[in-house]
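Read off the chains here:
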Amino acid sequence: MSKTAQPIHSQVLREKLKVKNLILRQEITLKHGHLNNDLLSKALNIDKLRQHSTHLLGAGALAGTFLLAPAHQVHALPAPQDIVQRARTQQAIAPVVSPQKILIDSLKEVLPQKPRPLSRVEEKSLEQIFSDVLKVPSKATLEGEHLNTTYGYIGAEQHLVRYPGDTMASQVGNDKTLWKEGMAPGKGAWGYFAHSKAELTPELVETEKWYAVVQTLYLPDWNTRTRYLRDWYKYRKVMIVNTQNGNAVVASIADSGPAAWTGKHFGGSPEVMMHLGGPRYKKGAVVVFFVDDPENKVPLGPIEYNKIQLPEWAFHQV
Amino acid sequence: MSKVFYDKLIAFEKIEKEIGKIAESKEEKDELIRIVDEYIHHRMIGCILEKLPKDHHEEFLTQFTEAPHHEGLWNYLRKKVSEDVEGFMQEEVYKIGRELLEVIRGKPKKSS
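The listed protein sequences derive, respectively, from chains U and E.
Sequential numbering from 1 applies to the first sequence in the working numbering.
Sequential numbering from 1001 applies to the second sequence in the working numbering.
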C-alpha cells in the first residue's frame, strides 16, 4: 500500500534543485575537460543565453553564425490596406461579407506558419489590419515597450484570487464551465486586486475576469528597470487575437508567466480562453498587441466586430 | 520570445502548476522557474555532449552560444550525431519531467 506523498516546502525544493544543478555542472565540467572553460561556462548559463536570444530575435537577427542557415526568412509583404482590400474583394462575390473571414484571410497573408517573433514590418502590417477590421487601436510597441514576442502560444490559466477570502462561488456564481479551471493557489504578480471585498470595484472585477499573462520575467531589462516596468505592465490592456478563428479579446495584464519550459508564451483567464476558442480551448496561437488607449475608452472583454454587413441590394431583394 | 532551440520539445505545464502551489510569493515562484530552467538546460547540454562526437563539441557550443534559438542547430546535430537526435533528446525530456515531478511531489512512501 502506498501513502500519499507530502508536498515539499518551497525552500527545500529550492535547495534540492540548487544542489542538483551544482552536481550536474561539476559532472559536465569534469567529463568534458577538453573544452575551453569559458565556452562551457557560457553554454551552461541559461539566463544569459535566454537574454541573448531575446536580443537577437528582437533585433530580427537571422543568422549570426557561419554554419547555420537562416532560421526564417521574412518575406516581403504587400501593403496592409492591399491585404485587407483583397480579402474584402474576394468576399464581395459571396452574398454576405464577414469581417471575421476578412481578418482570418488577412492574417494568413502576414503571419508565418509557426509562431515566432515578428519583424517590425510584419507587426506594422498587423497594426493596420487590426485597426481596419477590429477598429481597436493597437500597437506592438507602445511607449517604447515591446513584449519578447507578439506571436506565440497562449495557455489556459486559473482564476486569480481578488481579495483575501475570495471564493470561486463569488467569482463565477453557478457557471460550471468557468469553475473547471479553479482558482490559482497564489496571488497574481501584482498581489490582490483589492484589500477586501468592500474595496473591490466593478472595474477590478472586470480586470480579473478578462486578465492576460505575459512573460515579464524574461524581459531583457526587467532586472534593471524593475520598478518602472512593474508599474507600466500592471493591468496594461492588450488585445489578444486568435489567429485561427479571428476571435479577439481586450484583456488586462494581471500576472507574469508562463515559464519558457511550458511551450507557451502567454496565458489567458478562463473567460478570455472561453471567448478565444470555447470551453475546450486550452492552447493556441495568438497575436498579442498593446491597446493604445490613453483615455481608457476601450472596454475589457470580447471585441464584437463580426456584425454582418448585408449589402444594400440584399434589402431590395427582400 | 526567450528561446533556446530545444524549447519546442518541452511542455512541463504540470511542473509549473506544482510550483505555483508551493511558492509563497511571486518572487519565489519566478526564482524556482529559473532554477528549473537551469536544471533542464544542464541536462540537455549534458545529453547532447554525451552523444555528439568530441571533435564537434567546441564547434557546437560556439554555434549554440552565438545563436541559442537557431533552428539550424537541429540540422547541425542531425548531421554530426548518428542517432536520432530528437528521439534521444525527447527521451531525456521525459526523464527530466518525471524526476522533477518526483522531487516536487515527493516519492509516495510505502507502508506494509
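In case anyone wonders, no lab produced these hints; they're calculated from the structure.
This structure is a prediction, so every number in the text was calculated from the model and none was measured.
Heads up, the beta-carbon is just placed ideally off N, CA and C, and yes, glycines get one too.
Misleading hints may appear alongside valid ones.
Claimed, not checked - Reference excerpt, derived from the structure (chain E facing chain U, CB under 10 Å, subset only):
1) K1003
2) E1028
3) V1036
4) E1038
5) G1087
6) E1092
7) I1104
Each hint, compared with the structure:
Look at E:K1003: its Cβ gets to within about 5 Å of chain U, closer than 10 Å, so that hint holds up. Because the smallest distance between the Cβ of E:E1028 and any Cβ of chain U comes to about 6 Å, under 10 Å, the interface hint for this residue holds. Taken as an interface hint, E:V1036 checks out: its beta carbon lies about 7 Å from the nearest beta carbon of chain U, inside 10 Å. Checking E:E1038 against chain U by beta carbon gives a least distance of about 5 Å; that is within 10 Å, so the hint holds.
The interface hint given for E:G1087 is broken, as the beta carbon of that residue sits about 18 Å from the closest beta carbon of chain U, more than 10 Å. Checking E:E1092 against chain U: minimum C-beta separation of about 12 Å lies over 10 Å; hint violated. Hint on E:I1104 holds. Least Cβ distance to chain U is approximately 6 Å, under the 10 Å limit.
Comparing the model with each numbered hint stated earlier shows that hints 5 and 6 do not hold.
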